[in-house]
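Enquirer: For the protein sequence lines, the chains are A and B, in the order given.
Positions in the first sequence are counted from 1; adding 38 to them yields the numbering used here.
Positions in the second sequence are counted from 1; adding 7 to them yields the numbering used here.
Derived by calculation from the structure, the hints in this document are not laboratory data.
Incorrect hints may have been included.
Here are the simulated lysine to any residue pairs, SDA-like style, with alpha carbons at most 20 angstroms apart [stated by the list, open to error]:
id	chain 1	residue 1	chain 2	residue 2
1	B	36	A	75
2	A	136	B	35
3	B	35	A	263
4	B	9	A	75
5	A	266	B	9
6	A	266	B	28
7	A	127	B	28
8	B	36	A	155
9	B	43	A	263
10	A	127	B	9
11	B	35	A	129
12	A	131	A	99
13	B	36	A	130
14	B	9	A	131
What follows is the residue order along each chain.
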Amino acid sequence: MKLFLRGLRSGIPIGLGYLSVSFSFGIMALSMGFTWWQAVIISMTTVTSAGQLAALDIMIHPAQYAAMLISQLTVNVRYSFMSISLSQKVSDKFTGIKRWLLGFFMTDEIFAVAAAEDEVDPKFFAGLSVIPYIGWTLGTLLGALIGNVLPAIVLSALCLAIYGMFLAIVAPVARKSRAVLAVVGIAGALHCVFYFVPWLKANVSSGISISICAIVAAVVGALLFPVKDQEEVAE
Amino acid sequence: MKDFWIYLLILAGSTYLVRAIPFAAMRKKIENRFVKSFLYYIPYAVLSAMTLPAAFYATGNVISGAVGLAVGGFFAYRGKGLTFVAIVSCAAAFLAECAIRLVAQ
Chain A
39 MKLFLRGLRS GIPIGLGYLS VSFSFGIMAL SMGFTWWQAV IISMTTVTSA
89 GQLAALDIMI HPAQYAAMLI SQLTVNVRYS FMSISLSQKV SDKFTGIKRW
139 LLGFFMTDEI FAVAAAEDEV DPKFFAGLSV IPYIGWTLGT LLGALIGNVL
189 PAIVLSALCL AIYGMFLAIV APVARKSRAV LAVVGIAGAL HCVFYFVPWL
239 KANVSSGISI SICAIVAAVV GALLFPVKDQ EEVAE
Chain B
8 MKDFWIYLLI LAGSTYLVRA IPFAAMRKKI ENRFVKSFLY YIPYAVLSAM
58 TLPAAFYATG NVISGAVGLA VGGFFAYRGK GLTFVAIVSC AAAFLAECAI
108 RLVAQ
């Protein structure tokens, strides 16, 4: 119970962050012609920012099922790496059925907080998932219902929330580890190339380019700065 | 709107399986140092690629986006928590946006 409560507390900032991010998802879904309950069902069953955004673009066209599958696999392939990464840190109590149930909640931020643990207990992970899930659902509902009430200037500022959260996850680690700083720099710089070279921007979707840049940067990092056994656990 | 339910099934199903299968299947400790290192770096690389350069355009104005990120980056570097950094980033971008509109008038 103690572990569950500690997880619950650790999830509060993620939940608040999700509230504002999914709020903009709700607004976007309605502006594209979806109903409020469709937006909420998408959020409750999927729980991912980039994937859901990509999905909206596809769903407004009829019957592009293959495109949906391909785009989701490329946008979300990072979750597989996170799941494998976290599988190395879970405690013995994380049995098969718990992995199948709790794996549903493997988002970037939940992963990042869980990965900071020395050993991940299923109770901690379950607690950690609760408030982000509520925040993600509630934010979508509120965005869909009252999004158009807020002035545009507030809405556009809120779009920065998720990136602020990313900064807070990466910066403290990059500050301590030059290797992480290098990996982060390579991934970011490479993705700018994808964004600013017109041919690449026109022909490579952002889901695919994110995966390519991340994989290249992590491979370079693994080749140049292989982690020592203890260091990986400590940081 | 029967399309909606088929789409939803593909969307939610593929997202879930991509997360759950590797989590449930990986029962052994990975010994390979290269793979271990790769797995250690991948989340940070993903977050960085998602942030750059998209975050600068998130507010619809590069200047307010840059101001928000600079302020957020400052506090993130100082080790502040997720919520705090997210809120000050938004607040700074909002103030910058207000300032831009004042100047433009």
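Enquirer: Look at each hint and say if it fits the structure.
Expert: Verification of the hints:
Between residue 36(B) and residue 75(A) the alpha-carbon distance is near 42 angstroms, which puts this suggested pair outside the 20 angstroms criterion. Proximity of residue 136(A) to residue 35(B) is assessed by CA-CA distance (about 16 angstroms); at most 20 angstroms being required, the pair is judged to hold. Of the pairs offered as hints, the one joining residue 35(B) and residue 263(A) is violated, with about 24 angstroms between alpha carbons and a cut-off of 20 angstroms exceeded. Of the supplied pair hints, the one linking residue 9(B) and residue 75(A) holds, its CA atoms being roughly 15 angstroms apart against a limit of 20 angstroms.
Note on residue 266(A) and residue 9(B): the hinted pairing is violated, with a Cα-Cα distance of about 52 angstroms set against a maximum of 20 angstroms. With a C-alpha separation of about 28 angstroms, the suggested pairing of residue 266(A) with residue 28(B) is violated against the 20 angstroms cut-off. Distance check on the hinted pair: residue 127(A) and residue 28(B) sit about 16 angstroms apart at the alpha-carbon level, within 20 angstroms; holds. Restraint check for residue 36(B) and residue 155(A): the C-alpha separation of about 17 angstroms stays at or below 20 angstroms, so the hint holds.
Distance restraint check for residue 43(B) and residue 263(A): the Cα-Cα separation of roughly 11 angstroms lies within the 20 angstroms cut-off, and the hinted pair is therefore satisfied. Annotation: proposed proximity of residue 127(A) to residue 9(B) is violated, straight-line Cα distance about 42 angstroms (limit 20 angstroms). For the given pair, residue 35(B) sits about 12 angstroms from residue 129(A) by alpha-carbon distance, which is consistent with the 20 angstroms threshold. Among the hinted pairs, residue 131(A) with residue 99(A) is inconsistent with the structure: their alpha-carbon atoms are about 45 angstroms apart, more than 20 angstroms.
Restraint check for residue 36(B) and residue 130(A): satisfied, since their Cα atoms lie roughly 12 angstroms apart, inside the 20 angstroms limit. A threshold of 20 angstroms between alpha carbons decides the hint, and for residue 9(B) with residue 131(A) the separation of about 41 angstroms lies outside it, so the pair is violated.
The structure fails to meet hints 1, 3, 5, 6, 10, 12, 14 from the earlier list, while all remaining hints are met.
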